[in-house]
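Asks: What follows is the residue order along each chain.
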Amino acid sequence: MGVKNIKNKKPGIVNEKQLNIKGGKGYLKQILFIFLVFLIGCSIDHPLNNPYSLDESEQNILYSSFSERPKHLDPARSYSSNEYAFIGQIYEPPFQYHYLKLPYELIPLTAVEIPAPIYYDKEGNRLPPNPPEEQVARAIYEIKIRQGIRYQEHPAFAKDSEGRYLYHNLTDRDMESIYELKDFEQTGSRELVAKDYIYQIKRMANPQLHSPVFPIIASYILGFAEYSGTLNQQLKKIRAERKALAGAIYNQELEEQQNPIVLDLDAYPLPGVEEIDRYTYRITLKAKYPQFIYWMAMPFFAPMPWEAEVFYGQGPLLKRQISLDWYPIGTGPYRLAVNNPNKEIILVRNENFHGESYPSGGFTGAKRLGLLRDAGKPLPFIPRAVFKLEKEDIPYWNKFLQGYYDTSGIPSDSFDQAINIGPKGDADLTEKMKTKNIRLSTSIRPSTYYMGFNMLDDVVGGYSKEKKKLRQAISIVIDYEEYIQIFLNGRGIPALSPLPPGIFGYQEEEEGINPFVYNWMKNRQVRKSIAEAKQLLKEAGYPGGKDAKTGKPLLLYFDTTASGPDAKSLLDWLRKQFKKIDIQLVVRPTDYNRFQDKMLKGNAQIFQWGWNADYPDPENFLFLLYGPNKKVGNNGENAANYENHVFDALFEKMANMENGPDRLKIIKEMLRIIQEDAPWVWGFHPISYGLYHSWYQNAYPNMIANNTLKYKRVDPVQRKKSRREWNQPVVWPLILVFSLVIISAAPAAVRVYRRERTEQ
Amino acid sequence: MHTYIIRRILYAIPILIGINIITFILFFVINTPDQMARLHLGMKRVTPEAIEKWKEDHNYHLPIFWNGSESGIKKITQTIFYQKSAGLFIFRFGKSDEGRDIAHEITQRMWPSLAIAIPTFIIGLMVNITVSLFIAFVRGSYLDMVTMIWCVIIMSISGLFYIIGGQFLFGKILNLVPISGYDSGISVFKFVVLPVLIGVIGGIGSGVRWYRTIFLEEIGKDYIRTARAKGLTETRVLFKHALKNALIPILTGVVVVIPQLFMGSLVMEAFFGIPGLGSYTIDAIRSQDFGIVRAMVFLGAMLYIIGLILTDICYSWVDPRIRFE
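Protein chains in written order, with the working numbering: chain A, 9 to 768; chain B, 53 to 377.
The hints are simulated quantities; they were obtained by calculation from the structure and are not laboratory data.
Be a bit skeptical, because a hint or two may be false.
Now the in silico label distances, taken between C-beta atoms and shown as ranges [said to hold, decoys possible]: (1) A:A256 <-> B:S236: 41 to 51 angstroms; (2) B:S236 <-> A:S185: 12 to 22 angstroms; (3) B:V81 <-> A:K676: 49 to 59 angstroms; (4) A:A256 <-> B:L318: 33 to 43 angstroms; (5) A:K729 <-> B:V81: 17 to 27 angstroms; (6) B:P115 <-> A:Q592: 41 to 51 angstroms; (7) B:M207 <-> A:N428: 35 to 45 angstroms; (8) B:E104 <-> A:Q194: 40 to 50 angstroms; (9) B:I205 <-> A:R763: 46 to 56 angstroms; (10) A:A252 <-> B:T55: 23 to 33 angstroms; (11) A:K587 <-> B:T304: 53 to 63 angstroms; (12) B:S236 <-> A:V749: 41 to 51 angstroms.
Calculated cross-link-like contacts (lysine-lysine; reagent style DSS-like; alpha-carbon spacing at most 30 angstroms) [stated by the list, open to error]: (13) A:K729 <-> B:K224; (14) A:K432 <-> A:K530; (15) A:K79 <-> B:K107; (16) A:K729 <-> A:K442; (17) A:K530 <-> A:K560; (18) A:K444 <-> B:K242; (19) A:K728 <-> A:K375; (20) A:K432 <-> A:K536; (21) A:K444 <-> B:K224; (22) B:K242 <-> A:K729; (23) A:K673 <-> B:K96.
The C-beta atom is built at its ideal place from N, Cα and C for all residues, glycine as well.
Work out the full structure: start from the sequences and follow the hints.
Replies: What follows is the structure, encoded as structure tokens:
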């Protein structure tokens, strides 16, 4: 039958089919043409790979990213840099750090001035400024805030014509059309008053909030611990009543989700915090603590209106996931417009911002770097800042190169692409970066990363001469200069003590050298030789890496959470360092939880740890070796469990001193003690590398300040131009691939066609 | 059939309870409530008092399975296991350790997961079936051989390579799509096109080889020979007869994964910044958030069971010879 059909076919019919086939090709051509027109059309004004909407392209918006969603945006709870990146722009503590001054300097933010503490003795007599610590029974800070500062527009402040709060008694019915904060029709604002600062300090004592700085605040503010105890009792009482009422089915978590407990913080006295007048409040400390002023520059001490807690404490709102921990309410230059940490967080300018000017002075060289071009101009410059979630480095880095992020760090994998390290170790941008007019800024972070010895350990711990020599020998052979080059691409400096540069007490050159690890030769520090380390090891009782008494090789154990291929090279390197003096290092990989347990119980022998400064004071680093702050038993931050009574006594003296020659002398003495005892192998202080596009201005990496967004400026026109230039779509490979597919499929199609015809 | 489905649903209950218990035990073997508290309270200045308070607020201060200090039924209800797990069976997932409602998060995050998974699944299925049918049609030819070699190559390459390579090629070199990101509404298209393309390409190797095997098996059967003997064209034989009968084994693998599409892709979502359930699960594992892990495992198990039941139902639909008893 099929054969018959073929025979019956006339040439004309075949031609008609051929025409049809041609018609099909024409159709394909049309599709291709439309596609090309679309691509070209889009590319004229808007690159195809632009992840943002078209209408944003010329707007004055800052684009940045975050890699980890913030856990808390409540200033009483938040204690991490990725959260401060947001709340630092919204909440305003009384003080802030000067953006451009080094060493870091505190200046007023909402306060009228930086208050000097007033000291009193036990009898209540006023003491002269800066008295000896032992004489001080009370230290009083009186903070006066500026008048006329107003909160952002917020439904918590909305009132009706009779002055009653509109949204303080919400029911489920009221919430039927409300899913987000912006769905509230009415908003309001009010003036910032001293009571708001007092309220926030009280919130830190609220046991429901788990404020991470509660222990330190409780140890200084008069009556704070007792106040928190009272609140805790009240909370327990309410929970016990609810449990009795609900019976066997009581589920505390679920119950409080539907019917939250809002403790009345003003119902109980807190003698350490008082309101003097509408704009002045007083904080009374139980002892001299000069560093307290630094804490008051952190969001923990930002104001919180009572209306916010009443508003957010309503069950119907919590059911909609609207909470104070999610939607901040502040007086700062920005307010939170969108909080979708699964995708993006958007800050917009606070319409009620009290106003501030760009600093007119700064560190030497600030002018040369163009950082004072906007001096005196009103802040903030950028009305909208968009932070996108970018979990992986590769897409984040590529989007920066395409101009879709204004600023970026440098992922390790892309370091060589961005930076050339010169023969003298100086970093410079690669040609590729220079052609894009990208700028580099480096800054040593106020952080320290170290390798600690557990001082309670039988082998590496202890304070005898032999034990010190063992640790000193190890300190010599672990070559952190090499570590920084290999694993950090040069982004760090070897540490000589816990103090990083920029912190009072840090000494440079010969004066700051650690004489137990380095020699000073030809105006530079040179790590001591392996021979010297071996000699120290011998004097420690381990000649040739063997126990002189038993003859057994010296085995040391390194506990680490590092794992995976990247960690392997690091651990191999570490083994190699110990091997230089014939010590065998046994790596004990452990998960984070077990590691924490080991540290708490003192079961680790050698470990790695780090610390980021809370504030720029040597006390905030040297307390990491203060005896009463030991990890074992006291759960403190002294992970090495180091305890030297001379050091501790000096620390207690130094901690409460003002910066000056006397304090410096004590710090030097303390550093010499710990350098000799060597409870840590002084690791490194990281250097932060920041890249900025040419349209991103006033970029200065202030490593302590949290509220720097207001100083930044972008040029959206230049950005748009660069984006367009850098992101022209390349279509021809697609056409080529498409053609190749057609061509390669053609023989098969022909074969199918022929086979079908044959079968017919 | 209704009896059969009800019976299968009832069978699922002890399975889900078992999964719940295993998840619970495994999680608490690895993480004690103290460790969870420490992780959530942060690295700095965490005191034993703070840990105790955190546990109390999150119900982790209770005994795990048996509360000897309580009386009557409270011995069971006032335990971590009951408080954290009982609600799952009425889809009350509770709160994450960050205080967010898990059910709310799941409903928010399942849409981005589906926006990737559904097109990848449908397009992938169509491409795989079409290519494998075509390959079956030209079986034994050079084209068959070349395609199979390509399939093996595609299968051998890590999925991560397709993701990074795809981002590099289409997002960075050709500048045709955004490298990563997500948006709602019509804008979602430009963000999902690359993940979908990568998903489809990455699945071609295994898909085509599997379907090809199925089709070749069908092609060797008597009814195909009969169809050919009747003088039907090869395309008609393949598309009308072979495809219809090959649906049974295809359904075995396909229907069971449909409910799983909700769960998202762990790696794809992380690399493309897609706020789906895959990244939600990974984040929860990293942060040791038991509430979310437990909810996602429960949901995953339940969807798998639903998938199996749906597969059985589809069997009877595509092959009337199969009857449930």
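Asks: Tell me the hint numbers this structure goes against, listed in increasing order.
Replies: 5, 9, 10, 12 and 17
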